[in-house]
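Number of protein chains: 2
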Amino acid sequence: MDTSTALLTDHYELTMLSSALADGTGDRPCVFEVFARRLPDGRRYGVVAGTARVLDAIADFTFTDAELAQLEATGVVDAQTLAWLADYSFGGDVDGYPEGELYFPGSPIMTVRGSFAEAVVLETLVLSILNHDSAIASAAARMSAAAHGRPIIEMGGRRTHEWAAVAAARAAYLAGFATTSNLEAGRRYGIPTRGTVAHAFMLLHDSEEAAFRAQVDKLGTDTTLLVDTYDITAGIETAVRVAGTELGAIRIDSGDVGVLARKAREQLDALGAKDTRIVVSGDLDEHAIAALRAEPVDAYGVGTSVVTGSGAPTAGMVYKLVEVDGRPVAKRSTHKESRGGRKSAVRRHKPTGTAIDEIIYATDGEAPEFGEHDRPLQIPMLRDGQPVDGLPTLDDARQRLRRGLVSLPWEGLKLSSGEPAVPTVFL
Amino acid sequence: MDTSTALLTDHYELTMLSSALADGTGDRPCVFEVFARRLPDGRRYGVVAGTARVLDAIADFTFTDAELAQLEATGVVDAQTLAWLADYSFGGDVDGYPEGELYFPGSPIMTVRGSFAEAVVLETLVLSILNHDSAIASAAARMSAAAHGRPIIEMGGRRTHEWAAVAAARAAYLAGFATTSNLEAGRRYGIPTRGTVAHAFMLLHDSEEAAFRAQVDKLGTDTTLLVDTYDITAGIETAVRVAGTELGAIRIDSGDVGVLARKAREQLDALGAKDTRIVVSGDLDEHAIAALRAEPVDAYGVGTSVVTGSGAPTAGMVYKLVEVDGRPVAKRSTHKESRGGRKSAVRRHKPTGTAIDEIIYATDGEAPEFGEHDRPLQIPMLRDGQPVDGLPTLDDARQRLRRGLVSLPWEGLKLSSGEPAVPTVFL
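Same order as they appear, the protein sequences are chains A and B. Using full-length UniProt numbering, the letters of the first sequence map in sequence onto residues 1 to 427. Using full-length UniProt numbering, the letters of the second sequence map in sequence onto residues 1 to 427.
Excised from the complex, chain A in its bound form (with noise of 0.2 Å):
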């Protein structure tokens, strides 16, 4: 793959600008806002996710010979078009919710000022990242925060696109999961990753036992035995015969293992393993993870449900024109009417730090009174199409989150199906 992120876009994206160049509409000054109308079915809250991604892939926004040859042959844009994308990188100004914000159906999320030309090119791969990371991060915080402190692993790589698993690797890590199995995101962005063994390793060798011999021997006994290949008492049995008590975990990834962790912990406490910690996987979700919190388990490992966002894998962002040449905008016809103008927001809080609502006003109009426990949700990220100075990192956004969930009424933390838990309120 080359490095060039332009073509990871809409035909009509080229169509629009190739027309808006022709007619001189497009150098209009503009701002487009992405936001999202609603929150998935049910859900009390969504993360902000994916932001560092695409200011990355906005830089990597140029047209080299390879993608001008491309666009040239299959005829979709004109000379004029081509020579201007030859040039182009984006000299505009992007504003939005740092990674690890909370967000509310029509928070304006992001926001890209420059001319039509410039920035509408842009609409498809920042909608592809935010729409992607903001999903798995979103559901990977209710699972974070079912899970009430115990350290979950991501390890659902495999049930998604291979390289959607590292970004959602990435967007697990930054809501609240402790380590990743996938060793790209640990090649990318740092994040821990852990794994030990399949099935396929226990079958591999001519016993349970010499299989656990060989992992002991290899990655010592502070390892993670996976004892649930034939029969779990044996297995448990035969682990802390291998590796002694001072084994460091085992792994049961099929059953009930509610009622599999709990006898577990008898037989290894029993056994003198009384610091071997339980480790269970296989098709666990947010519902799952909460149900299991009077059991004895001491990590989780969720795979398929988080990098599918858990029932809502897309967040359903929109980038919507909202104004032209300082003129609000909006689509006037139907139900998915948008509103014009550009937009910042601010969310208020109690004295004790809970919120209370998020007001969403015109940035060009009167600003509500802030007071000490308001809170402005945008901050600037690109100036002429450059990165600000000290923008947050992946650490920054995993506290980001951890206030934010915190700051939450009450009942925003429940996992049953509910409204916004923090309602927004348009000026």
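Treat the hints with care, as some may be off.
For identical chains, the list gives no copy identity; a pair is met inside one copy or between any two copies.
The calculated lysine-lysine pairs, modelled on DSSO-like cross-linking and capped at a C-alpha distance of 27 Å, are [as the list claims (entries may be wrong)]:
| # | residue 1 | residue 2 |
| --- | --- | --- |
| 1 | 331 | 263 |
| 2 | 218 | 331 |
| 3 | 350 | 414 |
| 4 | 263 | 274 |
| 5 | 263 | 350 |
| 6 | 218 | 274 |
| 7 | 331 | 350 |
| 8 | 350 | 274 |
| 9 | 350 | 218 |
| 10 | 331 | 414 |
Simulated from the structure, these hints should not be mistaken for laboratory data. Since this is a predicted model, take the numbers as computed values, not measurements.
Use these hints to put chain B onto chain A, whose structure you have.
The following block gives chain B in isolation, referenced to the frame of chain A:
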């Protein structure tokens, strides 16, 4: 992105490798099998997709200095394993269902043979690709069938990860979609791309008429005008006034598109634009498409539902060790049991061509007698790591799927929830 796919892998593949190299079991000849224990809830068939991408990804599964340095720095593997990985390229055999083939619970979709060491490391990558692409193709096939020959344009790139979008466009095309909006899919796979304008283009201009005029000036009258930005009836009147009765198409993206299409058809006919087509889009899935069958719709634009697998975003396939040193092996503890041994499959048909059942049998045992209407399902794909000659193309896959859908018993194409249309029988 560099071209190596080697870190698109779970950590534990390499820990297993490292232990198996240390104790000598890594050299044992093994067979891994990819299959799905079940179809997504209520689905009657699955569509294999992604195989060609898997074969490419296996060829790119090599460890360059960059990957080795990362693994060394993070201590994922030891020096012996690093040296082994530096020389790695897959030298085994792969057989499988060609792309576009239907599959059912237990179908041996892909069989990977090689030493444990060389075959185990491919697990994550093979599954990521097949699970994603097959999920999309399986959903897209239902939409294609529901569209009854009317063309569908895939336009969901913005609702999924930016690279998943490219693979999704490919899978949808494989499953009968006519075109895609995704330019990278056009470049990479030669899929025809389409696109005209979004509402932003309408709002950019001082009036709907000005926008239509700009578009027609640039793209000609055989373009698609988006008529639902303000008032649809006024929009259609303006569209025909600007483009004339030669106007190619109008697009309606919101509202009750069935009712609107009927009214639009009457209006276009009354204006003399009898050949102007009507394209509808906006939250369409296979059920919405089916419900529009009686309406005067000429083409569908489908986004979110297809790229998210229409409720089933992953195919749930697994990659299981089924044979070691010629002996069948299988996990035995719980409900997640697998059937050991290398398997082949044949689909039996009535003389009319309708599929009766799929017989899955031990490759090394007695093969069932093939009748003239029976069809073996696996084909050779890699031999000693090299692609065999004449592997099917993307167009072959499209045709294979078309034939496969025709061969289903009539209830197999129903969109409602049901059982697998073709039972799998294990001999």
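- Task: List in ascending order the numbers of the hints, as given earlier, that are violated by the structure.
- Result: 5, 7, 8, 9, 10
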